[in-house]
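Engineer: Residues per chain are reported as follows:
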Amino acid sequence: MANLKNVTKKTKAQEMGMHSEVLTGRTQQKFFNPDEAENFYYFGTYDVDFNKRTNLDVKDMTAAEANKKIDNLMSEGYGTIVIKNPQGKHSLGVGILNKLNLIFEGSLGYFGIGSCDGPVVRINGRVGWSCAENLMAGKVVIEKNAGSCFGAAIRGGDLICKGSVGARTGIDMKGGTIIIGGDAGAFTGFMMQRGRIIILGDVGINLGDSMYDGTIFIGGKIGSYGSDAVPSDLTKSDQDWLRRKLKVAEIGENFDVSKMTKVVAGKKLWNYDNLEPTEKKGAI
Amino acid sequence: MCGIAGLIHRNKSSNVGFELQGMLQALKHRGEDSTGYALYGDTDGKNFIARIKIGENVGEGSSSVAEDVSVYDQRKKEVDTCINELGAKIVKEERILPYSLRYEIEYNKKDLLEFSQRIESIPGVEILSMGKSLEVIKDLGNAKMVCDRYNLDKLIGTHAIGHARMATESGVDIKSAHPFWGYPFSDVSVVHNGQLTNYWNNRRALENKGMRFMSECDSELIAVYLAEKMRSGATLEEGMKESLSGLDGVFTYFVATKNSLGMAKDTMAAKPLVLYESDDLVAMGSEEIAIRSVLPQEIDTYDPFDGEVKVWQI
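Just so you know, the sequences run in chain order C and V.
When we follow the working numbering, the leftmost residue of the first sequence carries the number 1, and every step to the right adds one.
When we follow the working numbering, the leftmost residue of the second sequence carries the number 1, and every step to the right adds one.
The set of hints was computed from the structure by calculation and includes no laboratory data.
Any given hint could turn out to be false.
[To be verified] Only pairs whose alpha carbons sit at most 27 Å apart, straight line, appear in this in silico DSS-like list of lysine-lysine:
(1) C:Lys262 - C:Lys144
(2) V:Lys144 - V:Lys109
(3) C:Lys144 - V:Lys144
(4) C:Lys174 - C:Lys69
(5) C:Lys69 - V:Lys310
(6) C:Lys259 - C:Lys247
(7) V:Lys76 - V:Lys89
(8) V:Lys144 - C:Lys59
(9) C:Lys68 - V:Lys28
(10) C:Lys221 - V:Lys310
(11) C:Lys99 - C:Lys69
(12) V:Lys46 - V:Lys77
(13) C:Lys268 - C:Lys247
(14) C:Lys99 - C:Lys162
(15) C:Lys162 - V:Lys310
(16) C:Lys247 - C:Lys262
(17) V:Lys310 - V:Lys132
(18) V:Lys229 - C:Lys221
(19) V:Lys144 - V:Lys110
(20) C:Lys52 - C:Lys99
(21) C:Lys174 - C:Lys267
(22) V:Lys229 - V:Lys28
(23) C:Lys247 - C:Lys236
(24) V:Lys28 - C:Lys59
(25) V:Lys28 - C:Lys84
(26) C:Lys267 - C:Lys247
(27) V:Lys28 - V:Lys76
Note that the structure is a prediction, hence the values are computed from the model and not measured.
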């Protein structure tokens with residue numbers, strides 16, 4: 001793996017501002033290539049028409065039945081699907097590897113919108129634990145609150161919660177952006193490896209604990225910093241990016257980003273030395 | 001993984017037995033080894049209600065040893081004798097199942113320690129709950145099964161907490177099932193979701209202070225821990241706040257008294273809890289679907305944060 005510190009020529013993705021962090025250590029990274037994006041399709045995905053819209057009442061369906069029905073509707077070309085009466089059911093809207101406008105008129109339970117790549121989802125309610133886990137691309141907007149493990153292990157896309165979220169938001173995230181309009185609980189950004197988290201409100205204890213990389217912006221008070229999470233200078237480009245992002249996300253558009261706290265990895269933990277574990281044992 | 005649920009009506013009574021049954025049944029996928037209810041019914045407040053276990057359910061899945069019903073009969077006789085000797089008067093008694101007794105008792109002393117110790121000195125006998133309003137009912141099976149077995153769906157009251165259990169670190173039996181009574185305090189009950197990692201250290205310390213444990217279920221520690229704090233003069237809320245540092249591990253628990261319902265969440269926030277709060281009703285559970293069983297319409301819910309303690313009054 002090349003040492004990306006020494007790479008001077010910017011990729012197209014970097015020129016677009018998509019990957020601006022300087023990587024150090026042994027992080028293995030493969031960048032999304034915008035030139036190939038339009039040519040990339042998953043097996044079993046569909047051409048859908050966003051103007052073709054339908055409603056789906058899932059009140060009396062199991063999660064599996066509802067997800068299968070969504071798949072069937074996409075296969076019929078529906079590009080905008082409105083889900084009625086989700087009533088806090090678990091695992092709705094999972095595994096969608098398609099471009100799709102998906103609107104939930106109500107709240108979801110656990111594991112909603114898990115393992116998705118591409119859809120734009122709006123949830124006019126609340127979500128439970130582990131919403132949008134492993135999101136690869138797309139946009140998910142939650143109008144109310146979210147539970148713990150919000151955006152766990154996401155690799156891309158924008159995940160927006162207009163209310164408050166529970167603990168471990170962005171745990172293990174590897175890319176993408178999480179934006180929270182309210183407060184966040186403990187261990188926000190726990191072991192995050194890449195990407196950005198924006199919290200406009202307060203955040204709990206152990207912020208960014210054991211984070212490898214990535215950036216966290218906090219608008220309110222910080223309960224405490226976690227291991228190896230350190231404050232950093234908020235640059236002009238950070239502020240520009242924050243303003244742009246909040247505007248696009250339709251959240252906190254007038255928020256004073258200049259007073260936000262920027263938190264990054266201190267990179268002092270054992271995983272940032274230059275030795276493999278076996279080599280390290282020998283050295284000791 | 002276990003599931004917990006609770007609700008409290010403010011300014012009115014409701015069919016809390018039926019409501020809690022719906023909430024716990026919605027959580028049955030979190031565990032149906034046993035299910036327990038702590039129901040706070042409307043009473044005239046004159047007599048104590050005691051729920052007493054004189055044996056175990058030895059049905060399918062139970063880890064208990066079968067006993068002859070005649071053993072239960074003998075224990076019941078001893079319990080009746082003991083109650084009389086304590087100067088208490090049995091006003092009403094029901095034997096719902098061979099191993100399950102419900103008594104309404106006229107007893108003038110406020111301190112239930114002596115009463116409880118005497119009754120539980122009978123081998124195989126455990127007081128599941130005692131109070132002027134509280135009734136703890138727990139047995140093997142899911143919420144619907146237990147509710148039907150004990151006819152709980154018509155109980156009118158103000159608040160209730162319950163537990164759907166997946167047995168992990170102790171047996172599939174009634175003694176390890178939740179809720180736990182806050183022995184020997186009248187009308188105190190606890191349910192818990194999580195694991196306590198300093199159970200034995202705390203248990204030894206509390207036993208040295210004279211507190212009693214009936215099972216090896218770590219969750220019982222919370223009830224005993226809070227009871228000991230209250231015995232030392234702390235309020236319930238103070239005891240709950242102290243528990244955040246005194247108890248180690250991951251936990252979300254509910255505690256209820258005659259007039260209140262409280263929740264506490266550990267500082268790691270590792271166990272789930274969803275909460276709905278309005279002027280008339282507070283409902284909470286491990287998952288939102290539990291709340292949906294009593295409030296199917298769109299509502300605003302939230303997750304309490306790490307280290308949060310809340311108490312509501314009726």
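Engineer: Give a verdict on every hint.
Structural biologist: Now the hints, each set against the structure:
1. C:Lys262 - C:Lys144: holds, 25 Å
2. V:Lys144 - V:Lys109: It is violated: about 36 Å lies between the C-alpha atoms, which goes past 27 Å.
3. C:Lys144 - V:Lys144: The hint is violated at about 32 Å.
4. C:Lys174 - C:Lys69: violated, 31 Å
5. C:Lys69 - V:Lys310: violated, 41 Å
6. C:Lys259 - C:Lys247: With a Cα-Cα distance of about 17 Å, the restraint between Lys259 of chain C and Lys247 of chain C holds, given a limit of 27 Å.
7. V:Lys76 - V:Lys89: holds, 15 Å
8. V:Lys144 - C:Lys59: Roughly 22 Å separates the two Cα atoms, so the pair holds.
9. C:Lys68 - V:Lys28: holds, 24 Å
10. C:Lys221 - V:Lys310: The given pair, whose Cα atoms are some 22 Å apart, holds under the 27 Å limit.
11. C:Lys99 - C:Lys69: Roughly 16 Å between the alpha carbons, so the hint for Lys99 of chain C and Lys69 of chain C holds.
12. V:Lys46 - V:Lys77: Satisfied, since the Cα-Cα distance of roughly 25 Å is no more than 27 Å.
13. C:Lys268 - C:Lys247: violated, 35 Å
14. C:Lys99 - C:Lys162: Distance of about 23 Å is within 27 Å: holds.
15. C:Lys162 - V:Lys310: It holds: about 24 Å lies between the C-alpha atoms, which stays within 27 Å.
16. C:Lys247 - C:Lys262: holds, 19 Å
17. V:Lys310 - V:Lys132: holds, 24 Å
18. V:Lys229 - C:Lys221: violated, 33 Å
19. V:Lys144 - V:Lys110: Given that 27 Å is the threshold and the Cα spacing comes to 35 Å, the pair is violated.
20. C:Lys52 - C:Lys99: holds, 13 Å
21. C:Lys174 - C:Lys267: Answer holds: Lys174 of chain C to Lys267 of chain C is near 16 Å, not above 27 Å.
22. V:Lys229 - V:Lys28: Given that 27 Å is the threshold and the Cα spacing comes to 33 Å, the pair is violated.
23. C:Lys247 - C:Lys236: holds, 17 Å
24. V:Lys28 - C:Lys59: Satisfied, since the Cα-Cα distance of roughly 19 Å is no more than 27 Å.
25. V:Lys28 - C:Lys84: Measuring from Cα to Cα gives roughly 25 Å; hence the hint holds.
26. C:Lys267 - C:Lys247: With Cα atoms ~31 Å apart, Lys267 of chain C and Lys247 of chain C exceed 27 Å; violated.
27. V:Lys28 - V:Lys76: With a Cα-Cα distance of about 33 Å, the restraint between Lys28 of chain V and Lys76 of chain V is violated, given a limit of 27 Å.
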